[in-house]
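Enquirer: Chain residues, written in single-letter form:
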Amino acid sequence: MFDVIVIGGGVIGGTILRELTKYKLNVCLLEKENDVCMGQSKANSGIVHAGFDAVPGTLKAKFNVLGNRMMPAYAEELGVKFVNNGSLVVAFSDKEMQTLQALKERGEANGVTDMEILSQAELRELEKNISDEAVGALHAKTGGIVCPYGLTIAAIGNAMDNGAKLYTDFEVVSIEKNGEVFSVRSAYGEEVKGKLIIDCAGQGSGKIAELAGDDTVKIGARKGEYILLDRESGDFVSHTLFFTPTEKGKGILVTPTADGNILLGPTSEEQATPCTDTTAQGLAFVIEKVRKMSKNPPLYNTITSFAGVRAYSDRHDFIIEESKKVEGLILCVGIESPGLTSAPAIAKFVVEELVGNKFVLEKNEAFHGRREAEYFFKHLSIEEKNKIIQKDPSYGKIVCRCEQITEGEILRAIRENPPAKNIDAVKRRTRSGMGRCQGGFCQPFVAELIARENGIALEEVTKNGKGSNLVTGVSK
Amino acid sequence: MKMNYDLVIVGGGPAGLAAAIAAYDEGIRDILILERENKLGGILNQCIHNGFGLTRFKESLSGPEYAARFVDGVLARNIQVMTETTVLSLTKDKKVTAINTQNGVFVLQAKAVVLAMGCRERSRGALNVAGSRPAGIYSAGTAQKYVNIKGYMPGKSVVILGSGDIGLIMARRMTLEGAKVHAVCEIMPYSSGLKRNIAQCLDDFDIPLYLNHTITKIEGEKRVTGVVISKVDENKKPIPGTEVHFDCDTVLFSVGLIPENELTKGAGLELSPRTRGAVVYQSRETEVEGIFACGNVLQVHDLVDFVSEEAELAGRYAANYILYGKTERDEVRVSNGKNVSYVVPQIIDKNIQGNVKLFFRVTNTFRDCTIIAKCGEQVLLQKKKKIVVPGEMESMLLTEAKLAEANGEIQIELEEKI
Numbered sequence: 001m002f003d004v005i006v007i008g009g010g011v012i013g014g015t016i017l018r019e020l021t022k023y024k025l026n027v028c029l030l031e032k033e034n035d036v037c038m039g040q041s042k043a044n045s046g047i048v049h050a051g052f053d054a055v056p057g058t059l060k061a062k063f064n065v066l067g068n069r070m071m072p073a074y075a076e077e078l079g080v081k082f083v084n085n086g087s088l089v090v091a092f093s094d095k096e097m098q099t100l101q102a103l104k105e106r107g108e109a110n111g112v113t114d115m116e117i118l119s120q121a122e123l124r125e126l127e128k129n130i131s132d133e134a135v136g137a138l139h140a141k142t143g144g145i146v147c148p149y150g151l152t153i154a155a156i157g158n159a160m161d162n163g164a165k166l167y168t169d170f171e172v173v174s175i176e177k178n179g180e181v182f183s184v185r186s187a188y189g190e191e192v193k194g195k196l197i198i199d200c201a202g203q204g205s206g207k208i209a210e211l212a213g214d215d216t217v218k219i220g221a222r223k224g225e226y227i228l229l230d231r232e233s234g235d236f237v238s239h240t241l242f243f244t245p246t247e248k249g250k251g252i253l254v255t256p257t258a259d260g261n262i263l264l265g266p267t268s269e270e271q272a273t274p275c276t277d278t279t280a281q282g283l284a285f286v287i288e289k290v291r292k293m294s295k296n297p298p299l300y301n302t303i304t305s306f307a308g309v310r311a312y313s314d315r316h317d318f319i320i321e322e323s324k325k326v327e328g329l330i331l332c333v334g335i336e337s338p339g340l341t342s343a344p345a346i347a348k349f350v351v352e353e354l355v356g357n358k359f360v361l362e363k364n365e366a367f368h369g370r371r372e373a374e375y376f377f378k379h380l381s382i383e384e385k386n387k388i389i390q391k392d393p394s395y396g397k398i399v400c401r402c403e404q405i406t407e408g409e410i411l412r413a414i415r416e417n418p419p420a421k422n423i424d425a426v427k428r429r430t431r432s433g434m435g436r437c438q439g440g441f442c443q444p445f446v447a448e449l450i451a452r453e454n455g456i457a458l459e460e461v462t463k464n465g466k467g468s469n470l471v472t473g474v475s476k
Numbered sequence: 001m002k003m004n005y006d007l008v009i010v011g012g013g014p015a016g017l018a019a020a021i022a023a024y025d026e027g028i029r030d031i032l033i034l035e036r037e038n039k040l041g042g043i044l045n046q047c048i049h050n051g052f053g054l055t056r057f058k059e060s061l062s063g064p065e066y067a068a069r070f071v072d073g074v075l076a077r078n079i080q081v082m083t084e085t086t087v088l089s090l091t092k093d094k095k096v097t098a099i100n101t102q103n104g105v106f107v108l109q110a111k112a113v114v115l116a117m118g119c120r121e122r123s124r125g126a127l128n129v130a131g132s133r134p135a136g137i138y139s140a141g142t143a144q145k146y147v148n149i150k151g152y153m154p155g156k157s158v159v160i161l162g163s164g165d166i167g168l169i170m171a172r173r174m175t176l177e178g179a180k181v182h183a184v185c186e187i188m189p190y191s192s193g194l195k196r197n198i199a200q201c202l203d204d205f206d207i208p209l210y211l212n213h214t215i216t217k218i219e220g221e222k223r224v225t226g227v228v229i230s231k232v233d234e235n236k237k238p239i240p241g242t243e244v245h246f247d248c249d250t251v252l253f254s255v256g257l258i259p260e261n262e263l264t265k266g267a268g269l270e271l272s273p274r275t276r277g278a279v280v281y282q283s284r285e286t287e288v289e290g291i292f293a294c295g296n297v298l299q300v301h302d303l304v305d306f307v308s309e310e311a312e313l314a315g316r317y318a319a320n321y322i323l324y325g326k327t328e329r330d331e332v333r334v335s336n337g338k339n340v341s342y343v344v345p346q347i348i349d350k351n352i353q354g355n356v357k358l359f360f361r362v363t364n365t366f367r368d369c370t371i372i373a374k375c376g377e378q379v380l381l382q383k384k385k386k387i388v389v390p391g392e393m394e395s396m397l398l399t400e401a402k403l404a405e406a407n408g409e410i411q412i413e414l415e416e417k418i
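Same order as they appear, the protein sequences are chains A and B. Residues in the first sequence are numbered from 1 upward in steps of one, following my numbering. Residues in the second sequence are numbered from 1 upward in steps of one, following my numbering.
Incorrect hints may have been included.
Pairwise CB distance ranges, derived in the manner of DEER restraints [claimed, not checked]:
id, chain 1, residue 1, chain 2, residue 2, range
1, B, PRO208, A, GLU125, 54 to 62 Å
2, A, ASN296, B, GLY408, 56 to 64 Å
3, A, GLU125, B, GLY408, 35 to 43 Å
Per the computed footprint, the stretches of chain B lying under chain A, defined by three or more beta-carbons under 8 Å from a beta-carbon of chain A, are [as the list claims (entries may be wrong)]:
id, region
4, 90–101
5, 186–200
6, 278–292
7, 375–384
Worth flagging that the hints you see were computed from the coordinates, not collected in a lab. All C-beta atoms in this analysis are idealised placements derived from N, C-alpha and C, irrespective of residue type, glycine included.
Whenever a hint applies, use it, and build me the whole structure from the sequences.
Expert: Laid out in structure tokens, this is it:
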């Protein structure tokens with residue numbers, strides 16, 4: 001019997017799970033996919049927003065500013081890449097310059113510090129590739145970038161190291177409440193019981209709430225398509241460049257990622273049925289806007305394109321509260337942008353206030369919050385590398401050429417919490433396959449390592465879970 | 001561990017092997033080949049089809065057989081080899097940092113370095129092909145590795161984008177292994193593959209080749225379930241209304257090769273934006289003295305026979321550099337003119353004795369045309385051609401006497417219909 005069952009292994013579920021393990025609570029995480037971080041937490045802009053966008057008084061405004069302040073230390077403790085690169089909201093007309101002034105005032109009302117309006121000359125000084133048409137910008141120095149899947153995986157891994165239990169391939173199909181106890185069943189007939197449920201299921205959170213007896217949660221889907229450029233072009237911009245927001249939204253951005261690539265996008269398309277396909281029109285739109293923002297974008301260095309679907313609530317604000325219909329069901333739903341930034345603050349609030357309402361929170365003295373950095377090996381000195389190789393020779397074998405990732409790092413990703421069970425899971429943890437050849441060279445090796453470590457046949461190794469097998473059989 | 005070598009060769013594929021043998025035969029004994037895979041031979045090891053060596057050996061060998069001739073040559077000469085060793089970085093003063101499980105990370109000092117890292121395939125991602133991102137999407141070379149080296153089938157029902165040689169070879173290979181290849185699509189109006197491969201790999205198996213077509217959508221959530229192909233206009237834009245759907249579980253991409261020059265770039269060497277390889281003299285020496293480049297890391301070749309030939313050149317001149325040091329140069333630049341997409345070498349050193357063979361590709365298919373080497377308005381050499389295609393590398397020999405006449409930049413161009 002668990003004290004708390006968290007449903008949904010994205011950044012919100014992950015950070016809440018970790019926060020729960022700071023207390024003497026028996027907790028678990030249910031994830032419907034084969035790995036954690038399979039929804040919008042893996043396919044977003046990775047921006048740590050300063051907090052000038054949200055309307056003062058909303059939960060978005062509150063948690064954005066709190067989360068922004070927490071993120072540097074939070075990421076550092078978990079060994080996740082965070083860069084305080086600063087954001088620039090770029091204006092292309094005098095009218096937009098006025099909007100920037102309003103944005104700055106809004107930011108100040110939300111408690112954002114270190115903002116200034118830049119002239120055209122000052123903007124060009126900061127970003128050499130900015131369009132000649134740009135007339136000025138709002139510079140928010142507290143803006144940053146973080147690896148979103150790195151953060152999610154590290155939070156969940158650290159929670160597991162501190163005693164949380166993870167169930168993957170656990171698609172919830174029924175939730176029953178008998179007295180004070182919830183029984184949650186999966187599509188495969190597994191069952192877990194717990195006293196409290198926290199619904200962090202993103203796109204599926206409306207369905208989870210409904211299964212638990214609350215039919216008031218209405219979730220919409222908005223798709224965003226992105227293009228990713230090679231690290232070779234990583235210095236194209238150094239700040240996160242936003243267009244000045246209009247009634248239609250924030251528009252696309254041009255930003256470095258925490259891993260040193262350049263990310264372009266997202267589009268914003270309402271969807272009746274969530275679908276992460278990219279489209280020719282969507283990608284063309286991204287390119288058109290990037291060309292407006294910047295001079296000669298190095299699109300020839302494109303290495304991939306992808307899309308993510310953001311779940312938003314009909315309140316158009318975060319919903320973070322106990323269900324009014326079902327006691328013991330805590331809702332963390334509609335966490336669209338700036339959800340990634342807000343995650344550490346949301347987690348703290350949910351556990352201290354909402355879970356704290358239900359249990360007497362007793363500190364877990366054994367909690368250890370630090371986690372060794374992932375994808376660390378490349379950055380060590382030769383002496384440090386050789387010390388590791390001497391202990392474990394598998395660190396002397398490069399498997400991914402483009403990102404120079406060793407067999408040792410891949411084995412570690414397969415073995416440590418949360419264990420990587422498929423190709424994409426290894427990729428998100430190590431960057432193996434994330435470079436310019438997109439796994440062309442390393443995939444067969446990684447597949448063999450997964451098969452060997454799990455004692456399964458190569459035919460059973462998948463790209464990202466059930467049904468995504470890499471090969472269809474043996475050759476003649 | 002020995003840390004100093006006369007010659008370090010990065011890559012034990014066909015280029016590295018031929019360079020090593022040539023340098024040895026020129027008198028160099030202190031040679032080390034660094035190879036990242038567990039055996040020598042490079043990509044030839046997975047090319048189990050035949051057709052290799054027709055030019056060089058006048059017989060048709062499989063990839064492993066072709067490689068074996070050079071591996072044997074290396075072993076017979078007792079040239080030192082380290083396999084499963086990856087070079088991490090290179091500096092202009094010829095320090096080579098490498099890693100393996102036995103020695104850890106180590107830094108070698110070489111007198112000369114030959115870069116022979118080969119090339120890699122462009123991926124689906126580079127093309128921004130719309131649709132989903134399921135399992136079952138492979139580059140042709142990755143699929144070839146699964147089938148020929150690992151012994152697994154990447155799929156049973158296949159559509160291939162790109163009619164380069166690897167795409168054509170894999171169309172036949174997958175068919176022989178029992179898969180159904182529905183179509184090979186080519187965005188250009190012509191195939192960049194060898195004519196014999198179109199005949200032997202597609203025509204003989206009734207696999208349709210769709211010229212002026214590209215894949216406009218990939219479908220399937222977990223595994224590929226189908227693709228949509230569309231005809232393209234002269235600007236390579238898909239034409240609405242021409243969509244054809246294929247059910248399939250696999251898509252193979254054979255959409256071009258890119259020289260793998262991460263080390264070269266890391267060392268700060270100039271790359272040609274046209275070849276994406278280093279800028280070299282006819283000796284295949286780069287602009288950094290003592291660093292040479294050859295094979296597909298320099299320019300993507302059509303045939304391994306030509307890779308070997310180029311690598312021997314690099315190996316010989318690397319040996320000369322080790323034996324005699326730097327020499328005075330008298331440079332003439334070579335560039336591509338009208339209807340020619342690139343020329344290698346990009347610089348001729350007139351102080352190096354002998355004729356110079358220039359390699360180049362044309363930008364389109366031309367019939368009854370003339371290829372001209374010019375220096376200013378002066379025509380150095382011209383050659384009539386019945387047909388030239390971008391898929392086949394052309395060459396032109398400039399004799400030492402002709403070169404003596406050139407006192408400025410040499411340009412290679414193609415005149416239509418003369």
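Enquirer: Determine whether the Cβ-Cβ distance between PRO208/B and GLU125/A falls within the hinted range of 54 to 62 Å.
Expert: holds, 57 Å
Enquirer: If you count the residues of the region 375–384 of chain B with a beta-carbon closer than 8 Å to a beta-carbon of chain A, do you get 3 or more?
Expert: This one is violated; 0 residues, fewer than the three required, reach chain A with a Cβ under 8 Å.
Enquirer: How does the coverage statement for the region 90–101 of chain B fare against chain A, requiring three or more residues with Cβ below 8 Å from a Cβ of that chain?
Expert: holds (count 4)
Enquirer: Count the residues of the region 278–292 of chain B with a beta-carbon closer than 8 Å to any beta-carbon of chain A: does the count reach three?
Expert: It is violated, with 0 qualifying residues against the three required.
Enquirer: Against chain A, does the region 186–200 of chain B show at least 3 residues with beta-carbon separation below 8 Å?
Expert: violated (count 0)
Enquirer: Hint says 35 to 43 Å; check whether the CB-CB distance for GLU125/A and GLY408/B agrees.
Expert: holds, 42 Å
Enquirer: Starting from the hint 56 to 64 Å, judge whether the C-beta atoms of ASN296/A and GLY408/B obey it.
Expert: Distance hint for ASN296/A, GLY408/B is violated at roughly 31 Å.
Of the numbered hints given earlier, the model fails hints 2, 5, 6, 7; all others are met.
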